[in-house]
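Student: Given the coordinates of chain B, work out where chain C should sit on it, guided by the hints.
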Amino acid sequence: MQGFDATNPPFDRLLQHELDELISSLDVGYYRPGEVIVQQAHASENLHVVIKGSVEVRESSSLRLVLGPKDSFDSRAVVHGAAGEDFVATEETLCHLIPRDLLLGLIRRNPAFAAFFYADVSRKLAAFAEARQAEGVESVLRSRIRDARFGAAVFIEANATIEQAGRTMRDNNINALYVRDGERIGVVTGMNLSKAVVLRRLALDTPLREVCHFDVVAIDADDFIFDALLLMTKQDKRRLAVRRDGAFVGFLEDIDLLGLFAGNSQLIPGRIERARSLDDLAAPARDIQAQVERLHGQGLKVDLVADITSDLNRRLLHKLFDMIAPPSIRQHGCLLLMGSEGRGEQTARTDQDNGLLLGADVPAEDLAAFRADFSGALESFGFPPCPGNVVVSNPVWSQSVASFIRQLKSWLLSRDPDAAMNIAIFSDAVAVAGDPEHLARAKRSLVELLRGENALLAQFARLIETFSTPNLGVLSVIMASVGVGVDEVDLKKAGTFPIVHGVRTLAIEKAVLASSTAGRIASLVEMRTLDSRFGLELVSALRVFMEFRLRSQLRAIHRGRPEQEALVRLDEITAADRDILRDALRVVRQFREFIRVHYNLAAF
Amino acid sequence: MARFLRNLFYRVSLGNPAYRFLFQPGPPDEVVVIDCETTGLNPRRDEMIAVAAIKVQGRRILTSDAFRVVIRADKPPTAESIKVHHLRAQEVALGKQMHKVLPELLHFIGGRPIVGYYVDFDVAMLDKYVLPYIQAKLPNPRIDVSAIYYALKYRNAPPGTVHDLRFASMLSDLGLPALHQHDAFNDALMTAMMYVQLRDMQERGVQIGRLRNVQQHIPVSA
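Protein chains in written order, with the numbering used here: chain B, 1 to 604; chain C, 1001 to 1222.
Just chain B, with the same shape it has in the complex:
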């Protein structure tokens, strides 16, 4: 039937004949305002796809979400036999009706389509992440050669000797040189030199003219990567000359292409390690950030992107600490990374939460110099300053272990939300350089201070109530009725924070040592504090938020609007994405309820 949008996910996953079958079975249903289309806990004979109108999703009379055209509902009622919520038409609404039997048939036959209907957020998300992978390779092939990292062009005269060429290659750490012979330009490779000397037994002072070749296979810097691949295959070359505006600017090697596909994260640690000065460190620091976008573009799952990024950032800070810290601080200090960096969940750089714990007194001037230099260096690398001022330059976050433990105590007793936030940030700390025992001591004290102190724990848990989890789309109805704006979800407030903080509180209570949220959840499941299935859902939901957040961060960076980094505009994402977000927010609400009951927050 015309009018059914087959490009609307998940229907875009259907093959043509499946689509024909679907379309020929569609009916259209009309619902008057106020009519309950699907009732909570009841099965539904049809999957509804909204044509016009709007449908409210209600759970025990509170509004959760508003669906509009192209949204579909309710897969749980159709596939699993019980709707999670009530679905109520709020205006004159028309829906395509997809019969249950047909839908189940399609789900059985088409796994990509089926993924949309999984009950578990985790399985659904995994399926969607896989779907994105294919686009990754495609996007690399369509990127330009100039965007690839390729070797520089180094020129040598044709009169130069084989030996000179070999030394020039070594000095520049490259494997090929351009050879200038009057008007002509040729190429000589390390392999040419080896063959000349080993197989042809030429003398080391043979001029290069004898061993280089002038039939240079070149490609333009503006060409696509797939052009380069094709040319390499056709010409059986492992290296192409790169030309820009008629001049040779470098060599593109097959290994450079490999780097594009895999990202070049494997190269960054080496560069960090080799850095001799702050300037040397600046380049890899920038590359870590560029890496995030490339890895994400290639469809790497967000938790892996975060893992790689955290690892690289920790190496970077470790190196920086070694470079900057005076001997006294290197001997007695322990550099901490906290907050999302500590949990290993930061992808795009949003802030820097770092600190220093000292096991013994150090000269005041050493400490002052370190505080200024360290923070200054990070800022010059493009780390945004921390809004909460959780950085080593702040004396609160760089002091001796003993005084810091006293600081923790006073924070605990102050009942102030900012103090609670500080404790939260600290509890995510990991040691990246120096003696990790200082951190372990401070953390043990924190756990000791809170052991059995249910009121304090509840006080701490109560931060979870700071932001409420929104009911998707509700705002838009109000806003649209007065004609302004579309609605946006703040992923950090609505999704990430409640999960992270709830898990963090449980982790402190149960003295769990892990600092990543996923690691904490795993331990809590092991201790049976959390049900294993729920634990899985929580981890998945967190990844959903991280994935969406990374997307909006990258967009915010491109738009030059960093303050919008955590916002998702519902009208800019597909119906399938909204559906996933909806599932993830449902998990957050369940978890809030769990925390509320666990810490008896209703008593406050």
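These are computed hints drawn from the structure, not numbers from a lab. Where hints are given, some of them may not hold.
Estimated spans, in silico, between C-beta atoms of each pair [claimed, not checked]:
#, chain 1, residue 1, chain 2, residue 2, range
1, B, 111, C, 1147, 42 to 52 Å
2, B, 112, C, 1045, 47 to 57 Å
3, B, 20, C, 1175, 45 to 55 Å
Please read these numbers as outputs of a predicted model, since none were measured by experiment. We treat Cβ as the ideally placed atom computed from N, Cα and C, and that holds for glycine.
Tutor: Showing chain C alone in chain B's frame:
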């Protein structure tokens, strides 16, 4: 009254008794929405080139069981009508002949009321073929969506109000999506959507506001 008498006459004079079912009431709460594409707007002279019929059961539009057919007309479509319907002479020639279409269509319609946009035109067009075939005109009750729309929107309107009953205007006023027009099936489907919504508004006694913005730039013909 006139139609009652006419129907009475046709019932008696019905040429083919197999079609008596047209005079019986159809299944309760069912209507059939019909749209014809023609070579022109004069039922005497012009020919039908495509017809689509969709049943509506209560508030459910049974698009999965629609009747849609291209008719092989005696007269080739004119250049003008090709422009409107995008049905070329070739496609029309591939269609079915009217005497093969009619029995199926009449059985599909049965005794159900016929719903359309300016439904009298579509029924007049059908009657042109039905009358010689069964010696009777279609006796079915007719429901015109533009008439319901008019009643909900312009009844009690102050004198001088501009009445806009164009298809596209009604569609956008009711918030319905515009499908590609002048395809018999799409037109019938959009008419059916208007019908279910208008009938419900009528049942609930809801008036259509006259201040709503209506997109007026799409000229429309039946």
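Student: Taking the hints in turn, state whether each one holds.
Tutor: Verification of the supplied hints:
1. 111/B / 1147/C: 42 to 52 Å: 51 Å, holds
2. 112/B / 1045/C: 47 to 57 Å: Holds, since residue 112/B and residue 1045/C (Cβ atoms, about 54 Å apart) stay within the stated range.
3. 20/B / 1175/C: 45 to 55 Å: Distance hint for residue 20/B, residue 1175/C is violated at roughly 29 Å.
Hint compliance for this structure: hint 3 is the single one not met.
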